[in-house]
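Engineer: Given the sequences, and given the hints that come with them, work out the whole structure.
Chain by chain, the residues:
There are 2 protein chains.
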Amino acid sequence: MKKEVKVFAPASVANVAVGYDILGFALERPGDEIIVRFADHEGLQISKITGDNGKLPYEVQKNTAGFAAQCLLEHLGETKRGIEMEIHKKMPFGSGLGSSAASSAAGVWAVNELLGTPLSKREVLHFAVLGEQIADGAYHADNVAPALLGGMVLIRNNKELDVHQLPVPDGLVASVVYPHIKILTKDARGVLSPNLPLPKMIQQCGNLAGMIIGLYQSDFSLIGRSLKDVVIEPQRAQLIPPFYEVKKAALAAGALGCSISGAGPSIFALSQGREKAEHVAQAMAQVFNNHQIPVEEFVSSVNQSGAIKI
Amino acid sequence: MKKEVKVFAPASVANVAVGYDILGFALERPGDEIIVRFADHEGLQISKITGDNGKLPYEVQKNTAGFAAQCLLEHLGETKRGIEMEIHKKMPFGSGLGSSAASSAAGVWAVNELLGTPLSKREVLHFAVLGEQIADGAYHADNVAPALLGGMVLIRNNKELDVHQLPVPDGLVASVVYPHIKILTKDARGVLSPNLPLPKMIQQCGNLAGMIIGLYQSDFSLIGRSLKDVVIEPQRAQLIPPFYEVKKAALAAGALGCSISGAGPSIFALSQGREKAEHVAQAMAQVFNNHQIPVEEFVSSVNQSGAIKI
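Protein chains in written order, with this note's numbering: chain A, 1 to 310; chain B, 1 to 310.
Keep in mind that the hints were calculated from the coordinates and are not lab data.
A hint or two may mislead.
Pairs involving identical chains hold if they fit within one copy or between any two copies, as the list cannot separate such chains.
Stated by the list, open to error - Listed next, the in silico SDA-like pairs over lysine to any residue satisfying Cα-Cα at most 25 angstroms (straight line): (1) K228 <-> N195; (2) K121 <-> D219; (3) K159 <-> G224; (4) K3 <-> A252; (5) K228 <-> L166; (6) K248 <-> E160; (7) K90 <-> E4; (8) K159 <-> L196; (9) K159 <-> K276; (10) K3 <-> K309; (11) K276 <-> Q61; (12) K121 <-> F220; (13) K200 <-> D187; (14) K90 <-> Q61; (15) K159 <-> Q217; (16) K159 <-> Y58; (17) K159 <-> K248; (18) K159 <-> P294.
Structural biologist: Below is the structure:
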């Protein structure tokens with residue numbers, strides 16, 4: 001049997017209230033699995049896709065995971081290598097949980113592992129972002145970087161891929177609720193005003209800085225005071241009708257903070273301790289249930305592994 | 001002779017390129033000196049002001065240092081105490097170096113020391129900010145907090161005075177050049193657009209985050225990449241005609257970054273090592289000299305003491 005590698009890459013929460021387009025963290029689960037193996041045909045081919053309800057293209061150039069892997073193979077001068085790729089989607093699309101980023105990170109890391117790990121995660125990040133760009137249209141790493149590298153990741157500059165893994169205090173746990181509401185990323189971007197008032201920038205900068213200091217100092221109270229999005233959340237909340245009710249329930253249940261995950265509709269909260277986070281997730285889910293909206297819940301520490309061979 | 005206390009409080013650089021209204025650091029010098037002593041009259045009186053060319057009012061309610069001290073005395077229920085205050089301005093007004101903040105911090109700390117230090121620096125900060133408000137019109141702490149507490153200070157929220165001293169890597173040295181050009185803070189604020197494009201906020205946030213991470217990690221290269229103001233500096237540079245020439249000279253001389261100090265006209269740079277910082281200061285001063293603009297230069301580590309009894 002030909003050499004084969006199976007890689008898991010996790011879902012992620014981007015923006016994290018205070019870092020629109022520049023902050024994200026990885027979840028333990030859900031995530032996507034990608035299997036790659038050497039094959040007799042020439043070049044990369046996608047042989048199987050599951051869990052996508054037939055929505056994803058088999059054409060390498062149009063598939064997030066395929067394109068990312070192809071870009072890596074081109075960089076390595078290995079485009080003639082016969083490689084077969086299976087994509088097993090194990091997380092929802094359009095959820096605001098970085099589904100395409102997980103596929104892209106898994107695809108590129110699986111191929112890199114198959115070839116004997118010629119490059120580091122930092123070195124393949126660019127190719128994973130290129131894959132994500134197929135799905136999202138923009139070259140940005142706030143989901144891809146955490147999905148690939150793991151951790152809470154700050155991207156100083158997306159174009160330069162100047163990425164930094166931030167310390168995460170023990171006991172910081174995320175509650176994520178994905179309601180079955182459809183929001184397209186482009187719609188979520190469409191509601192955003194192209195401008196904002198200067199005082200809002202000052203508040204947002206202060207909160208971002210407070211969040212980073214809170215992470216470095218393991219200061220949960222400061223993290224809580226800082227987890228406030230005064231720019232993006234007020235504009236996007238309308239896309240998730242019970243958003244403020246869910247947020248209120250999360251905070252009442254003891255969450256440090258609560259906001260929209262990525263472009264939504266998933267909502268995340270951060271809490272101190274797993275028990276609190278479980279309680280918060282239930283409280284958030286309950287609100288959606290009261291509105292007859294089915295949800296999936298995830299309670300997760302920040303995943304420090306990112307894409308990983310399993 | 002009645003008990004007497006002499007306090008020095010330093011100049012400071014606010015904004016620091018990436019933290020408009022929320023970041024500032026204290027310089028070793030220049031700064032103001034304030035002497036307070038018990039007196040036979042009732043209440044606080046200003047008995048002497050030097051170094052101000054007659055510009056500062058003797059009326060306590062209208063004087064930055066006097067008003068700050070008076071607010072503290074009211075809080076302590078000590079308004080009947082006979083206290084005499086001498087203010088020795090030893091730094092330029094309207095320089096963008098936090099002159100009024102230094103006076104306010106020195107005034108409030110001197111009185112607190114005279115009374116046997118009933119409160120901590122954190123506890124008197126509010127009163128020092130009230131003093132600064134007399135001069136500046138706004139309740140903000142980006143000069144006052146460093147002048148009082150020392151260090152590189154991030155103010156998450158000015159209203160809440162949620163202030164945090166950031167770590168400063170060994171060898172981070174500031175070069176400051178004060179050109180004899182007049183800019184009023186209200187004019188410097190007047191040139192600012194009330195709005196900004198969202199992509200500029202994203203860049204500014206990324207750079208602020210990079211700066212904070214750079215400080216925590218002692219990563220001078222990251223500090224250098226981050227020290228870029230894409231929002232305020234481009235709007236204010238016009239107020240200091242040779243600004244871009246000065247900045248270019250600073251960077252050519254090896255500075256990590258260079259921008260406007262507070263509302264200007266002073267310009268600061270940060271460098272790795274004192275020798276480099278001296279060289280940078282000379283290069284900056286030279287540009288102003290070429291334009292026949294007289295300057296004062298200061299080369300300084302970040303002052304970790306803030307207001308201090310001398």
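Engineer: Each hint: holds or not?
Structural biologist: To see whether the hints hold, each was checked on the structure:
no.	hint	verdict
1	K228 <-> N195	both (19 angstroms within a copy, 20 angstroms between copies)
2	K121 <-> D219	between (30 angstroms within a copy, 21 angstroms between copies)
3	K159 <-> G224	between (30 angstroms within a copy, 17 angstroms between copies)
4	K3 <-> A252	neither (52 angstroms within a copy, 53 angstroms between copies)
5	K228 <-> L166	both (19 angstroms within a copy, 21 angstroms between copies)
6	K248 <-> E160	between (38 angstroms within a copy, 22 angstroms between copies)
7	K90 <-> E4	within (20 angstroms within a copy, 73 angstroms between copies)
8	K159 <-> L196	both (22 angstroms within a copy, 20 angstroms between copies)
9	K159 <-> K276	neither (38 angstroms within a copy, 30 angstroms between copies)
10	K3 <-> K309	within (13 angstroms within a copy, 72 angstroms between copies)
11	K276 <-> Q61	neither (44 angstroms within a copy, 50 angstroms between copies)
12	K121 <-> F220	between (30 angstroms within a copy, 23 angstroms between copies)
13	K200 <-> D187	both (23 angstroms within a copy, 21 angstroms between copies)
14	K90 <-> Q61	within (22 angstroms within a copy, 67 angstroms between copies)
15	K159 <-> Q217	between (29 angstroms within a copy, 22 angstroms between copies)
16	K159 <-> Y58	neither (28 angstroms within a copy, 55 angstroms between copies)
17	K159 <-> K248	between (36 angstroms within a copy, 24 angstroms between copies)
18	K159 <-> P294	neither (38 angstroms within a copy, 41 angstroms between copies)
This entry does not satisfy hints 4, 9, 11, 16 and 18, going by the numbered hints stated previously.
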